[in-house]
Amino acid sequence: MTCREMDGVINLRSGSSKLPPEAAEHVAGCECCRRLVRVLERRPEASAPSESRLQQIQAAMLRDLKPVRPLAPSRVYLSAFALIFLVVVAASSLQLGANGWVVLSVSQKVAVFAVLATSAGLLALSMVGQMAPGSKHAISPISFLVGILVLLLLVMAGLFRLHEESEFIPNGLICLKSGLMYSIPGAFLLWLLARRGAILSPKLIGATAGGFAGLIGLTVIEVHCPNLNRYHILVWHGGVILLSALGGFALGAAVAYLGQGRNDRIP
Amino acid sequence: MRRYQQADSAAAAALVELLSPKLYRFFASQLGSRADAEDMLQDVWLRIHRVRHTYRPGEPLLPWVFAIARCVRVDNYRKRHRISLREMGVDVLPEPPQRKDGTSDLPSFEELVGALPQSQCEVLTMLKVNGLSIEEVARATSSTAGAVKQKAHRA
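Residue numbers (the numbering used here), protein chains in the order written: chain R, 1 to 267; chain L, 1 to 155.
Only pairs whose alpha carbons sit at most 27 Å apart, straight line, appear in this in silico DSS-like list of lysine-lysine:
(1) R:K66 <-> L:K22
(2) R:K203 <-> L:K149
(3) R:K136 <-> L:K149
(4) R:K203 <-> L:K79
(5) R:K18 <-> L:K22
(6) L:K79 <-> L:K22
(7) L:K22 <-> R:K136
(8) L:K149 <-> R:K18
Estimated spans, in silico, between C-beta atoms of each pair:
(9) L:Q118 <-> R:P73: 29 to 35 Å
(10) L:E135 <-> R:M181: 42 to 48 Å
(11) L:Q150 <-> R:I174: 44 to 50 Å
(12) L:E135 <-> R:Q260: 29 to 35 Å
(13) R:S143 <-> L:A11: 36 to 42 Å
(14) R:E167 <-> L:Q150: 47 to 53 Å
These are computed hints drawn from the structure, not numbers from a lab. Built from N, CA and C at the ideal position, the CB exists for glycine as well.
Hey, can you work out the whole structure from these sequences and the hints?
If you want it as structure tokens, here you go:
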């Protein structure tokens, strides 16, 4: 057994449980691993909080103890987020029209909206996981968010071609404004649901919710905007989701800052 | 936990008695100061009380509790950092703590983890002091089992 393999054994070992024979043999011959095992076996003294503090804690909790309704199952929130997504996109199509949908080829429609739907589903899952502390995450929330943004941009870059565009910025600003006009109310509806959960990291859940709201805005302008210029889509359509995620992050940071200020003032 | 959510005061008291030693050790092994650890213990119970509705019956309890504890520890660290930036120390530096066992040349667990980055220190403390499994630590830190193993290996 090598020291590297010994690391794996130490990591998986609980407490002072017996070492496997090969690990014990390695420890007998390796001074470095022997010292490490001895230090980890010498766990900190079993210390306990004072009885008076425990009583203080119990008294504070019992003072306003009322029954609470546990958080609804994840599928309820996932369905609610999906409903918000569909309702806002449907409402926008009625208002703005579906010129973008008409000009897309079949393969572009399938690719774009499949990626958008999958990304929205994954971000919704991440949000639901963040609402309940200790939830299982297949991928860490921040990696999820960044990964989805990168995937979307790569797919868009691959699906669309470069075209000449005379008024790149004015056209783009119109799209950006339209997208944000629908992602903001979407974000508000999401916040109404997400606040029911435990907001342990306001910045992270803000960025995730902002990203989801940005996907709503992006879907709206993909349905509405007939401009298939690759740069237009990457910069202005992609800009909707990026700005929404950043906006969500900034709001989360503001909430965290206000919370800190309140806690710092408490003696 | 279910009875606590239904406002059973005996269940609330029992939870505090059962979980406080684990939580206290989590804070104490990373802070060293008994007073600070007790303050954070009080903070974490206030937060647990506020968000008790977010525990879903049937889910493992320890990852839920330690996810909240971790958040309290991070907030406390940031608060101490903000305060230290505003304050200027004028007192004499405290003497380094004496080793209890003068004959041992082994570092203590706290000294060992104190030199590690926060994320590795936290993972090692949960695994070795609090006895959580890799899966439970992954849930508590909003991470994956692979990432937890990697941090433990690096530590």
